[in-house]
Amino acid sequence: MTTVALKPATMAQALTRALRDAMAADPSVHVMGEDVGTLGGVFRVTDGLAKEFGEDRCTDTPLAEAGILGTAVGMAMYGLRPVVEMQFDAFAYPAFEQLISHVARMRNRTRGAMPLPLTIRVPYGGGIGGVEHHSDSSEAYYMATPGLHVVTPATVADAYGLLRASIASDDPVVFLEPKRLYWSKDSWNPDEPQSVEPIGRAVVRRPGSSATLITYGPSVPVCLEAAEAARAEGWDLEVVDLRSLVPFDDETVAASVRRTGRAVVVHESGGYGGPGGEIAARVSERCFHHLEAPVLRVAGFDIPYPPPMLERHHLPGVDRILDAVARLQWEADN
Amino acid sequence: MTVMEQRGAYRPTPPPAWQPRTDPAPLLPDALPHRVLGTETAAQVDPDLLRRLYTELVRGRRYNTQATALTKQGRLAVYPSSTGQEACEVAAALVLEERDWLFPSYRDTLAAVARGLDPVQALTLLRGDWHTGYDPREHRIAPLCTPLATQLPHAVGLAHAARLKGDDVVALALVGDGGTSEGDFHEALNFAAVWQVPVVFLVQNNGFAISVPLDKQTAAPSLAHKAVGYGMPGRLVDGNDAAAVHEVLSDAVRHARAGGGPTLVEAVTYRIEAHTNADDATRYRGDSEVETWRAHDPIVLLEQELTARGLLDEEGIQAAREAAEAMAADLRARMNQDPVLDPMDLFAHVYAEPTPQLREQEAQLRAELAAEAEPDSAAGSESEGSGR
Numbered sequence: 049m050t051t052v053a054l055k056p057a058t059m060a061q062a063l064t065r066a067l068r069d070a071m072a073a074d075p076s077v078h079v080m081g082e083d084v085g086t087l088g089g090v091f092r093v094t095d096g097l098a099k100e101f102g103e104d105r106c107t108d109t110p111l112a113e114a115g116i117l118g119t120a121v122g123m124a125m126y127g128l129r130p131v132v133e134m135q136f137d138a139f140a141y142p143a144f145e146q147l148i149s150h151v152a153r154m155r156n157r158t159r160g161a162m163p164l165p166l167t168i169r170v171p172y173g174g175g176i177g178g179v180e181h182h183s184d185s186s187e188a189y190y191m192a193t194p195g196l197h198v199v200t201p202a203t204v205a206d207a208y209g210l211l212r213a214s215i216a217s218d219d220p221v222v223f224l225e226p227k228r229l230y231w232s233k234d235s236w237n238p239d240e241p242q243s244v245e246p247i248g249r250a251v252v253r254r255p256g257s258s259a260t261l262i263t264y265g266p267s268v269p270v271c272l273e274a275a276e277a278a279r280a281e282g283w284d285l286e287v288v289d290l291r292s293l294v295p296f297d298d299e300t301v302a303a304s305v306r307r308t309g310r311a312v313v314v315h316e317s318g319g320y321g322g323p324g325g326e327i328a329a330r331v332s333e334r335c336f337h338h339l340e341a342p343v344l345r346v347a348g349f350d351i352p353y354p355p356p357m358l359e360r361h362h363l364p365g366v367d368r369i370l371d372a373v374a375r376l377q378w379e380a381d382n
Numbered sequence: 019m020t021v022m023e024q025r026g027a028y029r030p031t032p033p034p035a036w037q038p039r040t041d042p043a044p045l046l047p048d049a050l051p052h053r054v055l056g057t058e059t060a061a062q063v064d065p066d067l068l069r070r071l072y073t074e075l076v077r078g079r080r081y082n083t084q085a086t087a088l089t090k091q092g093r094l095a096v097y098p099s100s101t102g103q104e105a106c107e108v109a110a111a112l113v114l115e116e117r118d119w120l121f122p123s124y125r126d127t128l129a130a131v132a133r134g135l136d137p138v139q140a141l142t143l144l145r146g147d148w149h150t151g152y153d154p155r156e157h158r159i160a161p162l163c164t165p166l167a168t169q170l171p172h173a174v175g176l177a178h179a180a181r182l183k184g185d186d187v188v189a190l191a192l193v194g195d196g197g198t199s200e201g202d203f204h205e206a207l208n209f210a211a212v213w214q215v216p217v218v219f220l221v222q223n224n225g226f227a228i229s230v231p232l233d234k235q236t237a238a239p240s241l242a243h244k245a246v247g248y249g250m251p252g253r254l255v256d257g258n259d260a261a262a263v264h265e266v267l268s269d270a271v272r273h274a275r276a277g278g279g280p281t282l283v284e285a286v287t288y289r290i291e292a293h294t295n296a297d298d299a300t301r302y303r304g305d306s307e308v309e310t311w312r313a314h315d316p317i318v319l320l321e322q323e324l325t326a327r328g329l330l331d332e333e334g335i336q337a338a339r340e341a342a343e344a345m346a347a348d349l350r351a352r353m354n355q356d357p358v359l360d361p362m363d364l365f366a367h368v369y370a371e372p373t374p375q376l377r378e379q380e381a382q383l384r385a386e387l388a389a390e391a392e393p394d395s396a397a398g399s400e401s402e403g404s405g406r
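Protein sequences, first through last, are from chains A and B.
Take any residue in the first sequence, note its place counting from 1, add 48, and you have its number in my numbering.
Take any residue in the second sequence, note its place counting from 1, add 18, and you have its number in my numbering.
I should point out that these hints are in silico values taken from the structure, not numbers from a laboratory.
Errors might be hidden in some of the hints.
A few chain B positions that, by computed beta-carbon distances, are all more than 10 Å from chain A [unchecked claim]: (1) A35; (2) P154; (3) D202; (4) V246; (5) E291; (6) H293; (7) R350.
The calculated lysine to aspartate or glutamate pairs, modelled on DMTMM-like cross-linking and capped at a C-alpha distance of 25 Å, are [as the list claims (entries may be wrong)]: (8) B/K183 / B/E291; (9) A/K233 / A/E276; (10) B/K183 / A/D69; (11) B/K183 / A/E276; (12) B/K183 / A/D108; (13) A/K233 / A/E359; (14) B/K183 / A/E100; (15) B/K234 / B/E115; (16) B/K183 / A/D234; (17) A/K99 / A/D239; (18) B/K183 / A/D104; (19) B/K234 / B/D305; (20) B/K183 / A/D74; (21) B/K183 / A/D83; (22) B/K90 / B/D356; (23) A/K55 / A/D95; (24) B/K183 / A/D218; (25) A/K55 / A/D234.
Built from N, CA and C at the ideal position, the CB exists for glycine as well.
Given only the sequences and the hints, what does the whole structure look like? Please build it.
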């Protein structure tokens, strides 16, 4: 029996490896964006790609997000598979018209004749002390746009697997990279063939019986931490990592909530009009008779992303999650 | 001795010598729009090309009037007419090789038709049938683009991709004067020039963006002057002179194909009709202005040239009109049939594989359609009760 040597690797390294493997496997894969070439990206996710594959395959573009995405549309129209980087969440907003008016609906408007296989990498979320416009969680905007897939990894292995799956997808994928997990390490063997997760499947990260925490991306480790802390209260929390916001894995989520009878949705972006409202509604529709309490949301406040010195008050933390779980118990007892 | 005296006289280090990256002079457009018809150079143009342009212009005008009539009959939801601008539309289609790509805006159905697209397919979007009635890859015509100037970066990306693949392909992108104010116009031109992409931008300056005239749109000397700031040549052409538009676009396409990079062409023309049938042009412009431009009609200009040189007689004019009339009759007949749409297509092309959520909605609609189709018992007993 051979033992595979697992080495600690960061999410950023796994993403780089995924890009490299995708480019090596398929010459039509092109990486492009501001600073992705010589610099290797401001987060170094594209490090070494220009050197290995040439500047035609890993291209430093002019600083213009609409132009980056708009030209990528044209490249995809001609049969390439562009992977564009938006550098920071809020920097993607100038590209929204291209995203919503063209990327998301090209397949539909041409009745399937012209699919757009492109991946849009968006480093997102807070917790890294970024100044204004560097910490937004924009997933609700993407989720609200039919025609886009929206995925976000929470582990090193998923970062690799989901990015490979996104690049292989014949449809456009918004690939949300939790910035504060870039340097998180897992034991991962970068030399072994890696699993590629199909887009659209959630996973139970931690089984439990008292309540389900439904979460994704940067909030997954926080929920796992909360679940550990909850043991002191005698609660056994299940943590479901969605991985994919579109399509949504109703099956895994509903199965979990039916088991536990209680659910809290946890995410960083604002609660009003946020992903949690949609998720809570879906859970209520499917699990109403199994629920012991209303589905609660623990989200960021409904404010513009705060300055770094105040962001810890905004981001859902362990205590806020445990408070919500306590409210579930109260609802159940009354 | 002070410190300054010890160091000697203060001599600042001169900055590195500055030089412009590109000599702007060769990029500047001519002072006046380029013209061919009615000038000495017209004699050098291939007579066959002139006759072909003429036939297409007459056909194009008839297409515009027929499509406008179809809006009045309720057969089209909307039609943005290119009457008066046919020279730009036709020349844009004729300068391209089959392997090249055309990126039209919503007003450029005629360019697509002149390129060979079935007139009915070209009108699919405007009749309220599916958004794009043709396979863009098959015809190498991108979908008619409604958002302003957003098709320009697509043209840049496609031509860039073609060149990366080693294919000899040029993209020609059409945009209006209003579209030049959009950010995507700027970003597309900048990318094209930096990457030296084989793409040609044709601005059809027809005087108005719905109601807003050019002098409220830009302070630039001309729209062609904008090219210089990006480091590409700008050309100014009389947009009603089909021979001139064809010549300038041909030069630009040849330049692009040879690896010379992009060109911005401004064709000065005029929108004779209102923006669309929903617009009232009398609110923002006078009849006399329109009449001035009617006197400079692209068909009349070419007809005068051809007849003066003995290249066209009454018989030829009649033949062109009859060909146009036959196209219009065929278009009328086919547009007067109600299109048959399959409601289940709503879910067919959102993703390669519908999401589980879309499958649920698909099942819901299928059940609704089945209920509509079947004479259900409740409605049946009601009609019996009413004696019908």
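So, going through the hints one by one against the coordinates:
no.	hint	result
1	A35	holds, 25 Å
2	P154	violated, 5 Å
3	D202	violated, 6 Å
4	V246	holds, 17 Å
5	E291	holds, 26 Å
6	H293	holds, 20 Å
7	R350	holds, 25 Å
8	B/K183 / B/E291	violated, 42 Å
9	A/K233 / A/E276	holds, 19 Å
10	B/K183 / A/D69	holds, 21 Å
11	B/K183 / A/E276	violated, 53 Å
12	B/K183 / A/D108	holds, 19 Å
13	A/K233 / A/E359	holds, 23 Å
14	B/K183 / A/E100	holds, 18 Å
15	B/K234 / B/E115	violated, 37 Å
16	B/K183 / A/D234	violated, 39 Å
17	A/K99 / A/D239	holds, 20 Å
18	B/K183 / A/D104	holds, 10 Å
19	B/K234 / B/D305	holds, 20 Å
20	B/K183 / A/D74	holds, 13 Å
21	B/K183 / A/D83	holds, 24 Å
22	B/K90 / B/D356	holds, 16 Å
23	A/K55 / A/D95	holds, 20 Å
24	B/K183 / A/D218	holds, 20 Å
25	A/K55 / A/D234	holds, 8 Å
Checked against the numbered hints listed earlier, the structure breaks hints 2, 3, 8, 11, 15 and 16; every other hint is satisfied.
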